[in-house]
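Below, each chain spelled out in residue letters.
Protein chains: 4
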Amino acid sequence: MKAHVETVEPTVEQETAELQRLYADFASEHLVPLWTQLDELMPVSPAPAARPWVWRWSRLLPLAERAGALVPVGRGGERRAIALANPGLGGRPYATPTLWAAIQYLGPNETAPEHRHSQNAFRFVVEGEGVWTVVNGDPVRMSRGDLLLTPGWTFHGHHNVGDRPMAWIDGLDIPLAHYLDVGFFEFGADRLTNRATPDLSASERLWCHPGLRPLSGLQDTASSPIAAYRWPYTDRALREQLLLEEEGHAATVEPGHAAVRYVNPTTGGDVMPTIRAEFHRLRAGTETALRREVGSSVFQVFDGRGSVVLGGTEHELERGDLFVVPSWVPYALRAEQQLDLFRFSDAPVVERLHFARSRIEESQR
Amino acid sequence: MKAHVETVEPTVEQETAELQRLYADFASEHLVPLWTQLDELMPVSPAPAARPWVWRWSRLLPLAERAGALVPVGRGGERRAIALANPGLGGRPYATPTLWAAIQYLGPNETAPEHRHSQNAFRFVVEGEGVWTVVNGDPVRMSRGDLLLTPGWTFHGHHNVGDRPMAWIDGLDIPLAHYLDVGFFEFGADRLTNRATPDLSASERLWCHPGLRPLSGLQDTASSPIAAYRWPYTDRALREQLLLEEEGHAATVEPGHAAVRYVNPTTGGDVMPTIRAEFHRLRAGTETALRREVGSSVFQVFDGRGSVVLGGTEHELERGDLFVVPSWVPYALRAEQQLDLFRFSDAPVVERLHFARSRIEESQR
Amino acid sequence: MKAHVETVEPTVEQETAELQRLYADFASEHLVPLWTQLDELMPVSPAPAARPWVWRWSRLLPLAERAGALVPVGRGGERRAIALANPGLGGRPYATPTLWAAIQYLGPNETAPEHRHSQNAFRFVVEGEGVWTVVNGDPVRMSRGDLLLTPGWTFHGHHNVGDRPMAWIDGLDIPLAHYLDVGFFEFGADRLTNRATPDLSASERLWCHPGLRPLSGLQDTASSPIAAYRWPYTDRALREQLLLEEEGHAATVEPGHAAVRYVNPTTGGDVMPTIRAEFHRLRAGTETALRREVGSSVFQVFDGRGSVVLGGTEHELERGDLFVVPSWVPYALRAEQQLDLFRFSDAPVVERLHFARSRIEESQR
Amino acid sequence: MKAHVETVEPTVEQETAELQRLYADFASEHLVPLWTQLDELMPVSPAPAARPWVWRWSRLLPLAERAGALVPVGRGGERRAIALANPGLGGRPYATPTLWAAIQYLGPNETAPEHRHSQNAFRFVVEGEGVWTVVNGDPVRMSRGDLLLTPGWTFHGHHNVGDRPMAWIDGLDIPLAHYLDVGFFEFGADRLTNRATPDLSASERLWCHPGLRPLSGLQDTASSPIAAYRWPYTDRALREQLLLEEEGHAATVEPGHAAVRYVNPTTGGDVMPTIRAEFHRLRAGTETALRREVGSSVFQVFDGRGSVVLGGTEHELERGDLFVVPSWVPYALRAEQQLDLFRFSDAPVVERLHFARSRIEESQR
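Residue numbers (the working numbering), protein chains in the order written: chain A, 1 to 365; chain B, 1 to 365; chain C, 1 to 365; chain D, 1 to 365.
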């Protein structure tokens, strides 16, 4: 703020021993004055410590494979998950201040034992198959393009029944829950409670009929009762939006940019109270507006090729690449080929606490 | 109420000319005393004027066909619709105090012109095909088993492009809107604004992907944005519930009784603010509990054979038959064969005004 | 609608015996065609049967006094209440299609026994004192200017502990509950459960502290937990609005027109699910805009002198006079002296069912 | 978690150079494995870094007075506020992870200039008078026992018109806004926009009438429109709860423990989206249950004498003392004399994100 106004500068005379004594007495009483901290505490606009950053799938996957060879999975460590650690966040395993994003790796016949925790979690599968995640006893197949939910306090474990390893992305609100001191954790079965491998989970069979709600499920729930959002539905929804746009309907977010939000069918709102999940598709040649949004996001390229302009720097993007958009950092997407991106963010937190703002900038390109 | 307490009976002395003069003076001032009306106005439990009643499809359809031959459809009369007139409601075309239910009939190449009104409407198709309803310019195919919505103040018209006549059921809140004096009406195009006959409406292509919400549709709406709820989805949802029940899951309303509610995907609530729509399937041999519910319903048999015990009387049921359950009248369903029923009701009105009650009775059979 | 478009008139040829036979067959099957009824069923804008009407306090009160002399109050008749019967509503005791409004009269030492019902009720006191209403065992003093609530299914009775009779206005949703078939009724104690006469009810002592909510009352309730809204608060709120307006603040509805809505402090919404209650004060010389609103209202003049233009006719108004504004009938108020009006309406019904509309007309005066 | 189960310990063989190389490669790619961090990241129950702590008013006030003599107040530093720095939170000026609590001090004739920020703020006055805070142009008197709100993005400044200094408590969500990167800040007028010193603010005159809502304020707001919650109302509400309890009503939280929540009258919910404010009164001799709650709180003793058992340690409490209860730390209050406490917390954050839990422990005393 100093740049913008004439401040009341303390005079040299005030910088006396008396003031130093006062500050020392503050410290010994566990007190801190506002006037020496204001600029950092209350900036003119969000000044995130988290940095815009890109992680390459081509570097992540080999490291996960090496971990698969060296580190067992099982009770105690619980998961063979390797987290993105935003370089602005002091080495902690936080992709953004609120969000955890990790690559998880499970070898053939391996099992990640059951547990539950307050933290909300999902998996998104950029490639591979062969793993079932068991959510409160309901086995859920994991396949490319699927979003799988394990909302807070649902028991869950994973097992690979295939003969090939599988890797996917985990997203959680671990940093938020840690920050707010709200997390509880409980171990479940070491082996999974249900080792069946059905094509569809019970939750999908009960809930995945568009516009239909079972009368046995009339109570609204804080998180979605759908354990798996399948790729064929997502793909079709996006394809239809682009076709509808071609036919003259108002179906897309902006020209050439189709997008869906994964929602809780009992409310029409976000899948979980702290995490928003979306899928975006850009027609080849499309460039989005340059946006700023309060709150932080993680994107993963699902398919195609293009780039992101992120805080003024352009980064090429390929399948599996992950990037982070911290709060209020301007970003735009550009599609060379049709570009498919999965996105998750802390937008529900920002919106529920009434801090949401966004702005579309004049393009700087 | 007189049966339950000793009342303060007016004495013979009070039944004097003086009292008669008072009552006459009330009348001339447009006043009515409570004490002479209380029993009728405020009964111990709902005492509906509407009667439980069954209309036979085998009688309705031939009458609709005769109307098709004799009565043109077009501007002014607007629709060739023949309404169920509950025998307890004084000859008015009201299936229940709040609900309109009619059979509508459209011959080959006929058009019902566009209009809009505050009243909420739907169609449900028990048989046939060949008609498209055009809702705010979006053509919507009508086929057996589909539920089609035209919420309040959406323009809509119908045209039959086939070479056979088609009949279906209309449901509206006409009586309620008339009672509350809330209705507006406006004519639209005489010919339809869009004569295309696509397999899927734009609304379905945008909205009918389970658990996915378009980012272009993030504003919640009072009524569902889905114009058509297709039979294959409904059928599959019900089939899965019965299968899940067999596998030991809690998926049905009661043993052998699967049911879905049609919902607004932006909220998870009812499709329209005044009308609830549901579909029920009973496994062959199932008999439901005997229920009383505040609020009134209309059922139509979609398929199968069975019966309903309605206010103490059992009625055989066949495909297309319609019956009315007035408020607080006990009813139970019995399936000889697998029995499929469409249901609509004024439950959203009752619930939004906080009058809902229900009770399961000990069976009387 | 016929006035507005060229209709498809049935030809003379169609008016044959065949058509007559069809209509007769409809009737015997309890069916009614839409095309002969549309104009009345679905008018271009609300065409209420209820009529704008004014009842004079100077006529009502003497009639109530005569009833006090002739008709006992007690179990069976329950209340000595004389209802406004809108001349458009066929002699039924309905002020509007949804609302009951009555003058209730209780002589010295008389008791109206306890009962409860689904119907929501309130009393508003235009003059007098000496009666306590006991709501779920909590005695509530009734004084001039107070609004007293007895929401659906709360036990309530009244007793006059003074040596003078007292009259007041009752408002209920009796017609709505009767129409919807939602009403239950139960007798309570013949004598009152609590004959104390405290200045303030327990409900007020717990809830009437602005902006403060007891931690023992954190569960939201469908109706307000406040049993009495006291005149001194209402008066002060209105006085402050007019003063704030003079000081340049945006505090009034329109210039010279102060107004408050009585609300449920657990939600900020209407006091009961079906009834809105408001108080309006017009500065001397103020004339309001000419408004149309969907839904029906009853006003009572609390103090002052002025007039209402109601459906094109101007009526002089004095203390205690009651008038009805049916749906969509234009009305404007004019204050000769400062004019205070109590108002209640079915607006919550109209709004919850998404039928609300309003319009300000160009003045016609 | 290690204490509770047999974990899969990495073998000595695995602690090879290969694993070290893998970990080094993780680090250079900004990756962190879960399995080495799980215990700290996801504890069995909340393990807050923040510590239970007590600050003594007798130490705070003299330090604030010394700051008054040495540090000017004005543009740039903005406020002479001295923040509680929880000793567990690394020297940052955070009372808890989410909440800022400071003593602010303003000398005679001093002005704290106007600004606004996304952060939600309130002041609570434990003693003194003479300062007006000007909120969006509305001057608000500050007196002992008052709670004064300046919700996010409202302009506000303070000026002391008396001849004595005044000190009070500021509460904000600064740490939360900083953590989430959601804060914006804007300077306003250097001198205040309105230097009037009315007894009541316009906001109070419009909104502080129990159960009454101005028709000019029908739009719900995220934060309360009431700028000042006055002590006489709070005191009376608490006094009535204790009296009602004596008379046999269910009015208190637990025996001898009266409490009110300050609420937004447009919704009945918390005063601001991120901060809950309450006032608690314990009858002399009362001891509360030992509670654990998810989320963090700050208490200030307003009057009386007693103690708090906080994380197993008992602390004597006197007027003005502040203490912090971190998440899930058990606490109980004990009143020697009647004990009055103001409390604020991040409970709305915890509840809106669906992380709330609480537990009453068997007493350990």
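No wet-lab data here; the hints were simulated from the structure. Note that this is a predicted model, so its numbers are computed, not measured. Idealized CB from N, CA, C, for every residue including glycine. Errors might be hidden in some of the hints.
[Claimed, not checked] To give an idea of the chain D side of the interface with chain C (calculated C-beta under 7 Å), a few residues: (1) H209; (2) P210; (3) R213; (4) G304.
Checked hints:
The beta carbon of H209/D comes within 4 Å of a beta carbon in chain C, closer than 7 Å, and the hint placing it at the interface holds. Of the supplied interface hints, the one on P210/D holds, with its beta-carbon coming within about 4 Å of a beta-carbon of chain C, less than 7 Å. Interface restraint check for R213/D: the shortest CB-CB distance to chain C comes to about 5 Å, inside 7 Å, so the restraint holds. Proximity of G304/D to chain C is violated relative to the hint, the smallest CB-CB distance being about 19 Å (cut-off 7 Å).
Violation of the numbered hints given earlier is confined to hint 4; every other hint is satisfied by the structure.
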